[in-house]
Amino acid sequence: DPDKRTHLVDDLLGRVEFGELWAAKWGEWLKIATNTNPGNGTAMKAGWNYYHWLREAMVDNLPWDRLATELVTGNGSNFRDPPSNYYTMLPVDKLDPQKLAEDTAQIFLGLRTQCAQCHNHPFDRWTMDDYYSFTSFFTGVRRKHGSEAREYYTFIDTDAEPAKHLIDGRPMPPKFLGGDLAAVKDKDARKVLADWMTDPSNALFRRNLANRIWAHFFGRG
Numbered sequence: 459d460p461d462k463r464t465h466l467v468d469d470l471l472g473r474v475e476f477g478e479l480w481a482a483k484w485g486e487w488l489k490i491a492t493n494t495n496p497g498n499g500t501a502m503k504a505g506w507n508y509y510h511w512l513r514e515a516m517v518d519n520l521p522w523d524r525l526a527t528e529l530v531t532g533n534g535s536n537f538r539d540p541p542s543n544y545y546t547m548l549p550v551d552k553l554d555p556q557k558l559a560e561d562t563a564q565i566f567l568g569l570r571t572q573c574a575q576c577h578n579h580p581f582d583r584w585t586m587d588d589y590y591s592f593t594s595f596f597t598g599v600r601r602k603h604g605s606e607a608r609e610y611y612t613f614i615d616t617d618a619e620p621a622k623h624l625i626d627g628r629p630m631p632p633k634f635l636g637g638d639l640a641a642v643k644d645k646d647a648r649k650v651l652a653d654w655m656t657d658p659s660n661a662l663f664r665r666n667l668a669n670r671i672w673a674h675f676f677g678r679g
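So in the numbering used here the end of the sequence shown lands on 679, straight run, no missing numbers.
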């Protein structure tokens, strides 16, 4: 059969195990963890629902641009709205927009911005202005307690103030990394960010995912 290789590849890609493998990989990247201590990781119920949602997304071949958008714009209960668990990577009693911005840049764009938090490195592309402007996409993220133990609701405050520059206290309006200021007035700034990240013209997003896949199969991305 001249098409036997194609049939084999289709068979392998269609197996549940393929989805489970990539759900596990995404679980690593997203830092899914469960712990009975509510200040560290996610509640077991939330963590399991989060993983199960990822697994179904992989099995159903959800495009990764849509996956990224659902995660970054996640709202609702960490027990009933699995993508909102993207915001439980941090201790539940503190939502740090700087940490959210750092993780988002690294997970979806393959960029490390942490060093620009406190200084302009002479050999790094990203400046402190870039760092705090990118942080402003997440200053409106809020969380409140739910009715169940260790249940939390994530929601957005569209009137939130932007991040302030560490050195001089300037308000830093949201700005895309390497790009323009973002129009976020009366909008969920995370949705504006997700649209920019997953735009077909954004080489950062595409290259990052290609590198992750390449690294999995060949050990180097």
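What the hints contain is simulated information worked out from the structure, not anything from laboratory work.
Please note that the accuracy of each hint is not assured.
With a straight-line Cα cutoff of 25 Å, these simulated DSS-like cross-link-like pairs (lysine-lysine) come out [said to hold, decoys possible]:
| no. | residue 1 | residue 2 |
| --- | --- | --- |
| 1 | Lys649 | Lys552 |
| 2 | Lys645 | Lys622 |
| 3 | Lys645 | Lys552 |
| 4 | Lys503 | Lys462 |
| 5 | Lys602 | Lys483 |
| 6 | Lys602 | Lys649 |
| 7 | Lys489 | Lys602 |
| 8 | Lys462 | Lys557 |
| 9 | Lys633 | Lys645 |
FRET-style restraints, in silico, Cβ to Cβ [said to hold, decoys possible]:
| no. | residue 1 | residue 2 | range |
| --- | --- | --- | --- |
| 10 | Gln564 | Arg600 | 35 to 43 Å |
| 11 | Thr585 | Lys462 | 26 to 34 Å |
| 12 | Ser659 | Cys573 | 24 to 32 Å |
| 13 | Ala491 | Lys602 | 18 to 26 Å |
| 14 | Lys602 | Ile671 | 18 to 26 Å |
| 15 | Asp469 | Lys602 | 41 to 49 Å |
| 16 | Asp461 | Trp487 | 51 to 59 Å |
| 17 | Asp461 | Cys576 | 54 to 62 Å |
| 18 | Lys552 | Lys462 | 54 to 62 Å |
| 19 | Asp617 | Ser659 | 41 to 49 Å |
Note that CB positions come from ideal geometry on N, CA and C, so glycine has one too.
#### Entry: In rising order, the numbers of the hints this structure does not comply with
Of the numbered hints given earlier, those the structure breaks are 4, 5, 8, 10, 11, 14, 16, 19, listed in rising order.
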